[in-house]
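Student: Heads up: the sequence lines are chains A and B, in that order. If you want the working numbering, it's the position in the first sequence, counting the first as 1, plus 1. If you want the working numbering, it's the position in the second sequence, counting the first as 1, plus 42.
Cross-link-like lysine to aspartate or glutamate pairs, in silico, EDC-like; alpha carbons within 16 Å at most: (1) A:Lys344 <-> B:Asp77; (2) A:Lys337 <-> B:Asp86; (3) B:Lys119 <-> B:Glu103; (4) B:Lys119 <-> B:Asp46; (5) B:Lys120 <-> B:Glu44; (6) A:Lys344 <-> B:Glu78; (7) B:Lys108 <-> A:Glu160; (8) B:Lys51 <-> B:Asp64; (9) B:Lys122 <-> B:Glu44; (10) B:Lys119 <-> B:Glu44; (11) A:Lys341 <-> B:Glu78; (12) B:Lys119 <-> B:Glu92; (13) B:Lys108 <-> B:Glu75; (14) B:Lys120 <-> B:Glu103; (15) B:Lys108 <-> B:Asp80; (16) A:Lys337 <-> B:Asp80; (17) A:Lys337 <-> B:Glu58; (18) A:Lys337 <-> B:Glu78; (19) A:Lys341 <-> B:Glu58; (20) B:Lys122 <-> B:Glu92; (21) B:Lys122 <-> B:Glu94; (22) B:Lys108 <-> B:Asp70; (23) A:Lys337 <-> A:Glu264; (24) B:Lys51 <-> B:Glu92; (25) B:Lys96 <-> B:Asp86; (26) B:Lys120 <-> B:Glu94; (27) B:Lys122 <-> B:Asp46; (28) B:Lys51 <-> B:Glu94; (29) A:Lys341 <-> B:Asp77; (30) B:Lys108 <-> A:Asp279; (31) A:Lys337 <-> B:Asp77; (32) B:Lys120 <-> B:Glu92; (33) B:Lys119 <-> B:Glu94; (34) A:Lys344 <-> B:Asp64.
Please keep in mind that the hints were generated in silico from the structure rather than gathered at the bench.
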Amino acid sequence: MMDFTTLAFLGYIAIAAVIYRVLPMRLRPALILAGSCLYYWFVGSGLILLLICETSLVFFSALLLEKIRSERLRKAIIFTVIGLLIGVLVVFKGAFMLPRRWAGALLMPLGVSYYTFKLLGYLVDVYWQVNAAETSMVNFAAYAAFFPQIVAGPIQRAESFLPQMHGPRDAAWEGVLLGSQRILLGFFKKFVVADNLGTFVNYVYAHLHGGGESILLAFYGYPLQMYADFSSLTDIAIGTALLFGISSPENFEAPFAAPNPVEYWRRWHITLTLWLTDYVFTPLRMSTRRMGNLGLVFSLTVNMVLIGLWHGFRWTFLIFGLLHAFYLAVDALTSKARRKYYKEHPAAGVCAGRIGPVATFHLIAIAFVCFRASTPGDIVFVLRHLLANVTNWSGPFASFFAEHSRVLAVGAGGYAVAEVFDFVRRQNERQSLLKGLPRWGRWSTYSCTFLAMCLLVMLLYVKVSKPSPFLYAIF
Amino acid sequence: MEIDVAQAKFTGIMREVFNRPDLQYSADLTAAEVDEWDSLSHVDLIVAVESEFKIRLSTGEVRGLKNVGQFVALIVKKAK
Numbered sequence: 002m003m004d005f006t007t008l009a010f011l012g013y014i015a016i017a018a019v020i021y022r023v024l025p026m027r028l029r030p031a032l033i034l035a036g037s038c039l040y041y042w043f044v045g046s047g048l049i050l051l052l053i054c055e056t057s058l059v060f061f062s063a064l065l066l067e068k069i070r071s072e073r074l075r076k077a078i079i080f081t082v083i084g085l086l087i088g089v090l091v092v093f094k095g096a097f098m099l100p101r102r103w104a105g106a107l108l109m110p111l112g113v114s115y116y117t118f119k120l121l122g123y124l125v126d127v128y129w130q131v132n133a134a135e136t137s138m139v140n141f142a143a144y145a146a147f148f149p150q151i152v153a154g155p156i157q158r159a160e161s162f163l164p165q166m167h168g169p170r171d172a173a174w175e176g177v178l179l180g181s182q183r184i185l186l187g188f189f190k191k192f193v194v195a196d197n198l199g200t201f202v203n204y205v206y207a208h209l210h211g212g213g214e215s216i217l218l219a220f221y222g223y224p225l226q227m228y229a230d231f232s233s234l235t236d237i238a239i240g241t242a243l244l245f246g247i248s249s250p251e252n253f254e255a256p257f258a259a260p261n262p263v264e265y266w267r268r269w270h271i272t273l274t275l276w277l278t279d280y281v282f283t284p285l286r287m288s289t290r291r292m293g294n295l296g297l298v299f300s301l302t303v304n305m306v307l308i309g310l311w312h313g314f315r316w317t318f319l320i321f322g323l324l325h326a327f328y329l330a331v332d333a334l335t336s337k338a339r340r341k342y343y344k345e346h347p348a349a350g351v352c353a354g355r356i357g358p359v360a361t362f363h364l365i366a367i368a369f370v371c372f373r374a375s376t377p378g379d380i381v382f383v384l385r386h387l388l389a390n391v392t393n394w395s396g397p398f399a400s401f402f403a404e405h406s407r408v409l410a411v412g413a414g415g416y417a418v419a420e421v422f423d424f425v426r427r428q429n430e431r432q433s434l435l436k437g438l439p440r441w442g443r444w445s446t447y448s449c450t451f452l453a454m455c456l457l458v459m460l461l462y463v464k465v466s467k468p469s470p471f472l473y474a475i476f
Numbered sequence: 043m044e045i046d047v048a049q050a051k052f053t054g055i056m057r058e059v060f061n062r063p064d065l066q067y068s069a070d071l072t073a074a075e076v077d078e079w080d081s082l083s084h085v086d087l088i089v090a091v092e093s094e095f096k097i098r099l100s101t102g103e104v105r106g107l108k109n110v111g112q113f114v115a116l117i118v119k120k121a122k
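The shape of chain A in the complex, shown without the other chains (with noise of 0.2 Å):
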């Protein structure tokens, strides 16, 4: 298995960018899509075939759709893709709800939600003519099988990825530094950050029952490691995307530090959202538009179930996706009437300012405990006992605690450390700051990032342990 945090991947997208970078600029589409198949194979996944088969379907179709005239035939044409893919995909996100002897014959292929919204992104836009039809088949299976989004995305749509494809633009120094600093970050936040922080949670999570953990402690530390763990995923794959001169679209942007929940929306999985928006909730609002605000809370419920649900068929996730639909249900029914009152009362709106980041972490953060919870009994267990045991531990909790503290503090401070980074990388890409540096400051970065890579495959080749799996890989 080739896990984005082994060696082995790392020694195969730097052999790839090489070759990436000495071939002539016009076969380029052909070994992005000559290595995604490659790291398909790699990863073990037998299932390549559907991905070819979907693939093959929606770029004829797409081409059909262009060409023909008859409204109901495009109609018929349509519907009919949409309903085989998303077919297929809930068969795959349902089969653990099947007897075993049958659920082992359907085995998640490998980023199946992924290619799959990425397939019906363009098939729709070229259905409302909004993109025109890709006519070279290389570079739309290109766009589907790229493989540093294949695992956890981001979902790029194709009006962005598939100019890129038409004109490789050359993978500059500047590129593959950014993307080396990026795969360094992601490494940072799985290793230093995610893993640590998990050490707690999963304890408390597996001892829920049993007396004397902090919940409190798992109820905290979930969150940041599921941001930690999750957008590792996404700096990997924009760095490693970086290495072939593609540039991907931000998954993340400081979702902790959100006023509000439908802000906290624009900042969490923000490839999902949008796609959500478009092809979701906007028809269904669209759809609904008279019925005013009875319309828009029933289009953001089946927005937000559909996100529930779309990591899998588990009640506990269908509560999730009720509750932020209801935290964004009222955050979209009474913001005008609180921006006119903060407009009359501004230092009201200063308070709530202050407050609303850590008033929406909170709400985020019970949120996630019906995300992390294996039962909707489990989720009424952790909040009704969130603040038992907070400092009456039993003794197994203690020794665990005394024996792993270290952890939890290199965990918590990786978090911090790993916000500022990620902050200082907003900056620099927004204002190029690096260019602006001198030429001794800029060597000192090149070198400092060498170094750092040295260090890290360095690092993996001393890790006797086995690699612990990304939480969001299994989406």
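Got chain A sorted already, so can you dock chain B onto it with the hints?
Tutor: Chain B only, in chain A's frame:
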């Protein structure tokens, strides 16, 4: 319908829906430049436009719009 009439009416609707009396018409203006213009208020804007210009817009037509200039051009085309 004349384009300048549509522009003036559209500006009035934007100011009303987003509660921003200071908004000025610019063909290049995008939703990203107006804080109050998000996916939720976007539909309010569409409902107000449909009611004012007595037209019906589809999801596909709205999805392709990149800026205010394209929105007004679509209104003029539909109102003919």
